[in-house]
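Let's have the full structure, built from the sequences with the hints guiding it.
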Amino acid sequence: EAAVTQSPRSKVAVTGGKVTLSCHQTNNHDYMYWYRQDTGHGLRLIHYSYVADSTEKGDIPDGYKASRPSQENFSLILELASLSQTAVYFCASRVQGANTEVFFGKGTRLTVV
Amino acid sequence: AQSVTQPDARVTVSEGASLQLRCKYSYFGTPYLFWYVQYPRQGLQLLLKYYPGDPVVQGVNGFEAEFSKSNSSFHLRKASVHWSDWAVYFCAVSMDTGGLSGKLTFGEGTQVTVIS
Chain C
1 EAAVTQSPRS
11 KVAVTGGKVT
21 LSCHQTNNHD
31 YMYWYRQDTG
41 HGLRLIHYSY
51 VADSTEKGDI
61 PDGYKASRPS
71 QENFSLILEL
81 ASLSQTAVYF
91 CASRVQGANT
101 EVFFGKGTRL
111 TVV
Chain E
1001 AQSVTQPDAR
1011 VTVSEGASLQ
1021 LRCKYSYFGT
1031 PYLFWYVQYP
1041 RQGLQLLLKY
1051 YPGDPVVQGV
1061 NGFEAEFSKS
1071 NSSFHLRKAS
1081 VHWSDWAVYF
1091 CAVSMDTGGL
1101 SGKLTFGEGT
1111 QVTVIS
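The listed protein sequences derive, respectively, from chains C and E. Each residue of the first sequence is one higher than the one before, starting from 1 at the first, in our numbering. Each residue of the second sequence is one higher than the one before, starting from 1001 at the first, in our numbering.
Don't take every hint at face value.
To be verified - Below, computed lysine to aspartate or glutamate pairings styled on EDC-like, alpha-carbon distance capped at 20 Å:
no., chain 1, residue 1, chain 2, residue 2
1, E, K1103, C, E79
2, E, K1069, E, D1085
3, E, K1024, E, D1054
4, E, K1103, C, E72
In case anyone wonders, no lab produced these hints; they're calculated from the structure.
Below is the structure:
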């Protein structure tokens, strides 16, 4: 079973502070993704990466940065956290290929106060 | 741009009864479609996926879905619901033709509540 581990699982951050969400996968997958989920909404793509040391913007990248220092690790960085960034964040990974299964982590619940 | 709509935010079903969750998509071309399930405090798990071919797709745990190009729909069904099916269900479409990027557009989700 593919494993995607997120840390922390929950976090309370102060408005204007810096937040880093971490994701680690042991699947040897090339592709990694960061999604956010808001109550009553589906997931929306923030950033993704095809290969280490390279990241791409998703549908809602504003206010977020991403970092992929190795194949296994993919971080999401909020340089200046805002109230509107309160959400649940999911990391995911998949192997290269057409429509291969995407494996999700359990999510990080971020509350910005 | 592609989009997915799940018109039912919440569905309540009795244990043992049948279940249908609706999904409508908007996509130029032939879509690649997915249903994911999210159990409480868990990540999303794949239930089933549709690639162009047989319109009825079988998934895990007795779930199946039917693709209809004429109706732009991909409805999920289960003949007999179990209490363990209490979860949020998401319909999703691949953002790009061929699905090489793996990027998905999700619907809003349907919360399924199972009652005895």
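Structure-based check of each hint:
Restraint check for K1103/E and E79/C: the C-alpha separation of about 24 Å exceeds 20 Å, so the hint is violated. Distance restraint check for K1069/E and D1085/E: the Cα-Cα separation of roughly 28 Å exceeds the 20 Å cut-off, and the hinted pair is therefore not satisfied. Between K1024/E and D1054/E the alpha-carbon distance is near 18 Å, which keeps this suggested pair within the 20 Å criterion. For the suggested pair K1103/E and E72/C, the alpha carbons sit about 19 Å apart, so the restraint of at most 20 Å is met.
Checked against the numbered hints given earlier, the structure breaks hints 1 and 2 and satisfies all the rest.
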